[in-house]
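Same order as they appear, the protein sequences are chains A and B.
In terms of the working numbering, the first sequence opens at residue 1 and continues consecutively.
In terms of the working numbering, the second sequence opens at residue 314 and continues consecutively.
If you are wondering where the hints come from, they were derived from the structure by calculation, not from laboratory data.
Heads up, some of the hints might be wrong.
Claimed, not checked - Okay, derived cross-link-like pairs now, EDC-like style, lysine to aspartate or glutamate, Cα gap no bigger than 16 Å in a straight line: (1) Lys221(A) / Glu435(B); (2) Lys347(B) / Glu316(B); (3) Lys311(A) / Glu468(B); (4) Lys451(B) / Asp517(B); (5) Lys347(B) / Glu619(B); (6) Lys515(B) / Asp500(B); (7) Lys392(B) / Glu382(B); (8) Lys322(B) / Glu619(B); (9) Lys221(A) / Glu396(B).
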Amino acid sequence: MIGMIIRRFFQLIFLLFGISFLVFSSMYLAPGDPASMIGGPTASESDIEAIRENLGLNEPFLTQYASYVGGLVQGDLGYSYQTRQSVSEAIAVRLPNTLKLAIASMIVAIIIGILAGLISALKHNSWLDVGSTTFALAGISIPNFWMGAVLILVFAVNLQWLPVGGMSSPWYTIEGMKELILPAITLGTGAAAMIARMTRSSMLEVIRADYVRTARAKGVKESSVIWIHTLKNAMIPVLTVIGVNFGSLLGGTIITEKVFAINGVGRLMIDAIAARDFPMVQGSVLLVATLFVLVNLIVDIVYTYVDPRIKYQ
Amino acid sequence: MGETLLEVKNIVTEFRTADGQLPAVRDVSFSLNKGETLCIVGESGCGKSITSLSVIGLLPSNGKIASGEVLYEGEAINKYSPEQMRRIRGNKISMIFQEPMTALNPVLTIGFQLREPLMLHEKLSKNEATKKGIELLKKVGIPYPEKRMNQYPHELSGGMRQRVMIAIALSCNPGLLIADEPTTALDVTIQAQILDLINDLKNDYHMGVIMVTHDMGVVAEVADRVMVMYAGKKVEEGTVEEIFNSPKHPYTIGLLNSVPNVDDPDFELEAIPGSLPSLNDEIIGCRFQDRCKFASEKCRSQEPPEFNISSSHIASCWLEEEGELRWQS
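So that you can see chain B by itself, here it is in the shape it has in the complex (with noise of 0.2 Å):
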């Protein structure tokens, strides 16, 4: 499907703190095609958030890309300049983000905040600048757009406050937008719209969209691959198909189960027992071998590689190392 559009090649991401540096982000590679939408799922504190932080260059000032690349249309965009950096973003990478009540400045109008990178990038006049927000704004379903120029955030719910936020991601047609938890803090009607908006838009403008949750629900909704993340560790990426029909890794087990299934009256809710690792555990071997029931010998002493389960479906999970055998033959 389609070109790629971005691609994450071995990063490491890395935190100056009181305890020395410590990886956030271990190792992760993944890519995205145009018009793809990449869902990137994992428990607080897995990475998730990081990684897409790392992608648009907005890591909080004690964190830094320590290796690997980020390229975006085939540049090591990693390697630009704050200045260049500031420049794509915005305008060719676009990110939400979770809580639109607190991601909106409160003493600048919507009209201010949704011109402000009409102007920046494409160097709009504020007359144009006003048109095409007042024009974003109805794109996004916001009714009395006019109005709501003038408007400060408070005045506005939480789910037309996402949809500002929205129309201000994609005022400029980036290519790739990031969506950090863009449904977590809304109503669950609220998420749906929000949902659907995003998908709709990503048609439109045919842009690859990374969409960073903990909710498999919004996974099935609109993703097109899958990456779970496990304590800064990618442990398992496939099609959203192959990870929900077919998943292999145990911890991605343990996320489908602790999913509520309302049409199995029989269905059991299964927790994953234990909680993650501190980011500065050294830990030899498989980094869920704590909280896996299928941990054997070899998960205590030996890190598991990639093991490819098809073109499409990677486990990092020693019990796979079979199944990749099976697909190679």
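This is chain A alone, in the form it adopts within the complex (with noise of 0.2 Å):
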């Protein structure tokens, strides 16, 4: 077990190398220039020559790149071009309110999605079934975007039970709870939806299972066989896909974050983008990518507690 997250931790350093330079390659050849962003619509040619040679923009593509990675594997993720703050600290800013968001977004992905895949499954072919079913693929099918404007139009606007955006206030006090609730069930219904949808036809797979009978002809109560003999198997599946979901989820931090003008790292990553200011891009899309890759190592971490099959050497 711990050779294997050891392992996963070097095979993690090589991901962000294969990631930064894809990323690298991708800025350095989309269309505009940092340096005529930076100079702004008044600079003259000669002053927008000076910006590129001042943040090395005139050199070959792998003297850029070489001199990024020198600076990475130093833990140095470069200074932002726009407002020459260190991207580092930039992003350790804003990460917490990017963290709070993910983490609500899962937990209310899984209750919601684990709750509504179980009374799916449970009650097979009901109405409360096809309710259940017609929520997950509606959630899969509605937009980020709109959906957290008319979550913004109904309860903040309109209802005016709860905030229309931003994060300020910590999340253990009732206001940061308040904060969180919208975002969350925008960002979270997307996975919830997957998980409710793994979660039912796992759960209809496993309760035909030999051995759920087996549990039944030893007279166990219903209420154990689902939640003992049932349940913890049909939660291998679900684990992968909270996993990958979980990917997905950062990367709708974007917008989310965008519409509740929440002070992240997805919004601090699409502003990047728009002002074409590359080191702050590359570095929190590599926050993004550790981030994912740690999670999964959770899961699979995770996946050796639910299923005794399953070891690592």
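Since each chain comes alone in its own frame, lean on the hints to assemble the complex.
Set out below in structure tokens:
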């Protein structure tokens, strides 16, 4: 197990190199010149040239990449072209908000998803099942930005139950929780729908398994048949879905943070892309990739507790 | 022999399907004494498993006993509520299944699965149940039982798992053990061991055993009495000697002829031609008529009743009409 974790960390390093190269080259090839963005519309040609020289943008691609990676291995993510602020600092300030949002959304997704899937499977072919599958289909189909806008309109603007946006209070206060509710629902619904569908099909499969019949033949109470003999087995594929969905959820923070005006890494990233602020984009993408890999590592570790047949050498 | 443990009277088990109500078991009656082994024999789909599931009340959700009675020690258990039935299962009536590889829960330890019925039915504490569990594993011939308690099913071989299943089934000293093809998925050498084990335990616990099988070799090994089923109906019933030495129903004869005889070099393996009729086929007359080389006009127009050939031997075949007369005179 420890060996597996160490190996994963080495894999992560190589993965991050790969990702940094991809992001670096795509930014290099993308249209738009950071120097002229920084100089602004009034800057003269020579000013822009000076900025370019200053940022090292005139160097050949590989030299630029090498110097970036050189900083990276020393833990230096570089400085923002726009604000000259250190990228690591800029991210560190915003990371807590993004993590809060991602974790809250995942909790929403897991609770709603598993409950809906369970109800669906246990009341197979009833109106509850139909309702929950319809919810799942809607959840997958509705885009984040639309859902966020509608929720704001209904619960913040019209009913005025919850704040329109922002995230400034600590999460453990009432205010902080109120700020989290709408963004977490917006971001979590898609993942909830995926989890619900997987839970449903997995439960339906396991409930017909021979060992569930054995449990009934032993005279086990129906509640234990579901909670002990069925659920643990049915959760194995659901775990995979949770891990994979965490990735798209992190991607979803970009839009959700924008819609709810949350000062997080997602918003930082989208603003950086618009401003051609390469180091900032690089830094945030690498962070998101690292989070994704870590979450999937956690999922892999949880597997061994759920399924004794899985062992890592 | 002994007192009656189980009596099944005219049960009809139906399944609700897209094609309407389909009867899988048609008007089947049999009885079982304490300490006796009854083998239910027939080819796949003949209703033998459904008959046994009807007894223990574990029919799939779309199946139900439409009419008839299941009496266990004189009590009509088919009228019991699901909760009453649950208290009987694993306690007075136990069942072991065909596939030991999938019949144990892969994510729970052997110990957990073995303790469960003991704690539920016998109200033992966890410690007492562990002790009793270790004893049971010893009894069914599992080496290092203490170690096995903490292992998971995938760490055991198929034969070992079937022994664990037997230990679980016997944990609460049931009066009736239903074994649905318990050896079909096992190696031949292991098969004999498992059959011996079931036989020994039957004698120790003085249980009634219903063994569902399609293997005539298994029947010869363990049965006291045999019931042959075809397309949802009982076609012949008798002691094991009667069935093997003087089978009456052409289907039983066919079954026996399709078992290779290694002692006789001239023996020709004879398959029964054709296949089982579908559940929703409305057949007038005998259900075996299309595959029977003796079928007459009468077989195609009238369903044969049960004819008594001796006090213990019954066959549902028009050919035995005279046999009954002979026995009565």
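Outcome of the hint check:
1. Distance restraint check for Lys221(A) and Glu435(B): the Cα-Cα separation of roughly 14 Å lies within the 16 Å cut-off, and the hinted pair is therefore satisfied.
2. Proposed proximity of Lys347(B) and Glu316(B) is supported: the alpha carbons are some 6 Å apart, at most 16 Å.
3. At most 16 Å may separate the alpha-carbon atoms for a hinted pair to count; Lys311(A) and Glu468(B) meet this at roughly 12 Å.
4. About 14 Å separates the Cα atoms of Lys451(B) and Asp517(B), which keeps this hinted pair within 16 Å; it holds.
5. A C-alpha spacing of about 25 Å is found between Lys347(B) and Glu619(B), which places the hinted pair above 16 Å, so the restraint is violated.
6. Of the supplied pair hints, the one linking Lys515(B) and Asp500(B) is violated, its CA atoms being roughly 22 Å apart against a limit of 16 Å.
7. Between Lys392(B) and Glu382(B) the alpha-carbon distance is near 8 Å, which keeps this suggested pair within the 16 Å criterion.
8. Distance check on the hinted pair: Lys322(B) and Glu619(B) sit about 14 Å apart at the alpha-carbon level, within 16 Å; holds.
9. A threshold of 16 Å between alpha carbons decides the hint, and for Lys221(A) with Glu396(B) the separation of about 8 Å falls inside it, so the pair holds.
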